[in-house]
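Enquirer: Same order as they appear, the protein sequences are chains X and B.
So in our numbering the end of the first sequence lands on 232, straight run, no missing numbers.
So in our numbering the end of the second sequence lands on 232, straight run, no missing numbers.
If you are wondering where the hints come from, they were derived from the structure by calculation, not from laboratory data.
Wrong hints could be hidden among the right ones.
Each pair may be met inside one copy or between any two copies, as identical chains are not told apart.
Restricting the straight-line Cα-Cα distance to at most 16 angstroms, the calculated cross-link-like pairs of lysine to aspartate or glutamate (EDC-like) are [stated by the list, open to error]:
(1) 215 with 44
(2) 45 with 169
(3) 45 with 68
(4) 215 with 190
(5) 9 with 155
(6) 45 with 161
(7) 217 with 155
(8) 154 with 89
No experiment lies behind these values; they were computed from the predicted model shown.
Letter by letter, the chains look like this.
Protein chains: 2
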Amino acid sequence: MTTSSSAKPTLAVIGGTGAEGSGLVVRWAVVGYPVIIGSRSQEKAASVAAELSAQLPSGSASIRGDENGAAAKAGDVVVLCVPYAAQEGTIAQIVEGCQGKVVVTVGVPLQPPKVSTVWRPAAGSAAEEAQAQLGDGVRVVSAFQNVSAAHLKDLSYTVDCDILVAGDDKAAKAVAIELANAAGMFGIDAGPLANASVAEGLTALLIGVNIRHKIKSSGIRITGIGRAEEQ
Amino acid sequence: MTTSSSAKPTLAVIGGTGAEGSGLVVRWAVVGYPVIIGSRSQEKAASVAAELSAQLPSGSASIRGDENGAAAKAGDVVVLCVPYAAQEGTIAQIVEGCQGKVVVTVGVPLQPPKVSTVWRPAAGSAAEEAQAQLGDGVRVVSAFQNVSAAHLKDLSYTVDCDILVAGDDKAAKAVAIELANAAGMFGIDAGPLANASVAEGLTALLIGVNIRHKIKSSGIRITGIGRAEEQ
Chain X
2 MTTSSSAKPT
12 LAVIGGTGAE
22 GSGLVVRWAV
32 VGYPVIIGSR
42 SQEKAASVAA
52 ELSAQLPSGS
62 ASIRGDENGA
72 AAKAGDVVVL
82 CVPYAAQEGT
92 IAQIVEGCQG
102 KVVVTVGVPL
112 QPPKVSTVWR
122 PAAGSAAEEA
132 QAQLGDGVRV
142 VSAFQNVSAA
152 HLKDLSYTVD
162 CDILVAGDDK
172 AAKAVAIELA
182 NAAGMFGIDA
192 GPLANASVAE
202 GLTALLIGVN
212 IRHKIKSSGI
222 RITGIGRAEE
232 Q
Chain B
2 MTTSSSAKPT
12 LAVIGGTGAE
22 GSGLVVRWAV
32 VGYPVIIGSR
42 SQEKAASVAA
52 ELSAQLPSGS
62 ASIRGDENGA
72 AAKAGDVVVL
82 CVPYAAQEGT
92 IAQIVEGCQG
102 KVVVTVGVPL
112 QPPKVSTVWR
122 PAAGSAAEEA
132 QAQLGDGVRV
142 VSAFQNVSAA
152 HLKDLSYTVD
162 CDILVAGDDK
172 AAKAVAIELA
182 NAAGMFGIDA
192 GPLANASVAE
202 GLTALLIGVN
212 IRHKIKSSGI
222 RITGIGRAEE
232 Q
């Protein structure tokens, strides 16, 4: 593990074998973030890591795979990118390795088959559930909920979707906003972790937009913030 | 009242004396929708109606004022544009006049002083609360939550914010989408009324964005739907 000496933090992407996760992995590795893909199966994690590495241009950071617990332990920042149904079980595997770190939750609570109707767990959002399960020693931030997995792995594809970053710790939000910007997106401070429910709910709404418009990648953009001058 | 023979439906804008409501009133009247402003006070409604009428170019539709109950009765479509704290009391005044009609709810549940943190009533959204109070004889649609009141009355100002339209009745949603488009915005079917909670919650999020960016009119835009080809 030579990545720990890198200037950029090592990212543990739990669920990085999935469509959304692997798309993010590729976009981060190509700009120099060493990535450890976490999966329930070490073998699967390693195999997807090898597959994604092979697609990257030379000079990209390394991608390796490990089982969830070890991946979380080895990461400086943990990105939790699993389907909502798997969230609780996955967090149980990584809770120890996440202590003291920033954990970015990407998953969206959806209630099949009505995935275009907003649904929220009792805590209000998957992110707040994650925070409760991970405990006060972890700074949870929610982000990347609204980015369609379609085309994400295609580095020539420009993602036309802002990243709403919600969390109760400003420095932790800055980490996620930097990850969004590094991946070629635009990260925006969306307020406290309670506002994660808005970003998560937007995904259900966008799934409905995709269905009605027969497309795969609707997204959202915050207007009026004068980004042309800011960037 | 000569407006009933107009090709366009007469709009009763309950709370049309406020900043958001009066901005919408102006934008609808100028494109030919006769408007009745509703207020608790007939006198205030009439006075604001006269004031707004004076700002309109000739050829605009008429704006008149009445107390809430009478305004709702006289409207073909009712737009409920009152602060959340006043919603229940206002609906009690208009419930009879709304029967059989489309009611568009614009209000957002906010919990001062934390108006940039999402807050939801037990029903999930102000729109669902309105539907429960108005009863099954009324088709409630939520829309216009995310449009900043700032500049809305200035007709030379282009509103850079899409209108998320949530509701359980497709024809009722089409009415609100038409009203959005007529006002120079872009109305989007956002799914069932349950999704109103997302649009309402976005307003809290945007208030926070406004504060952090020191602006007054952040908004949202749905990307990826190929609107250039559609419009």
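Enquirer: Given identical chains, is residue 217 near residue 155, meaning Cα to Cα at most 16 angstroms, within a copy, between copies, both, or neither?
Expert: within (14 angstroms within a copy, 36 angstroms between copies)
Enquirer: Check residue 154 against residue 89 for me: Cα-Cα at most 16 angstroms, and say if that holds within a copy, between copies, both or neither.
Expert: neither (27 angstroms within a copy, 49 angstroms between copies)
Enquirer: Using 16 angstroms as the alpha-carbon threshold, which applies to residue 45 and residue 68: within, between, both, or neither?
Expert: within (9 angstroms within a copy, 67 angstroms between copies)
Enquirer: What label fits residue 215 with residue 190 when the C-alpha limit is 16 angstroms: within, between, both, or neither?
Expert: Result: close only across copies, 13 angstroms inter versus 30 angstroms intra.
Enquirer: How do residue 45 and residue 169 come out at 16 angstroms by Cα distance, when the copy is not named: within, between, both, or neither?
Expert: Close neither inside one copy (34 angstroms) nor across copies (43 angstroms); limit 16 angstroms.
Enquirer: Are the CA atoms of residue 215 and residue 44 at most 16 angstroms apart within a copy, between copies, both, or neither?
Expert: Neither way: residue 215 and residue 44 sit 36 angstroms apart in one copy and 50 angstroms across, limit 16 angstroms.
Enquirer: With identical chains, the pair residue 9 and residue 155 could be close in the same copy or across copies; at 16 angstroms between alpha carbons, which is it: within, between, both, or neither?
Expert: neither (23 angstroms within a copy, 48 angstroms between copies)
Enquirer: At most 16 angstroms between alpha carbons: which applies to residue 45 and residue 161, within, between, both or neither?
Expert: Close neither inside one copy (30 angstroms) nor across copies (45 angstroms); limit 16 angstroms.
Checked against the numbered hints given earlier, the structure breaks hints 1, 2, 5, 6, 8 and satisfies all the rest.
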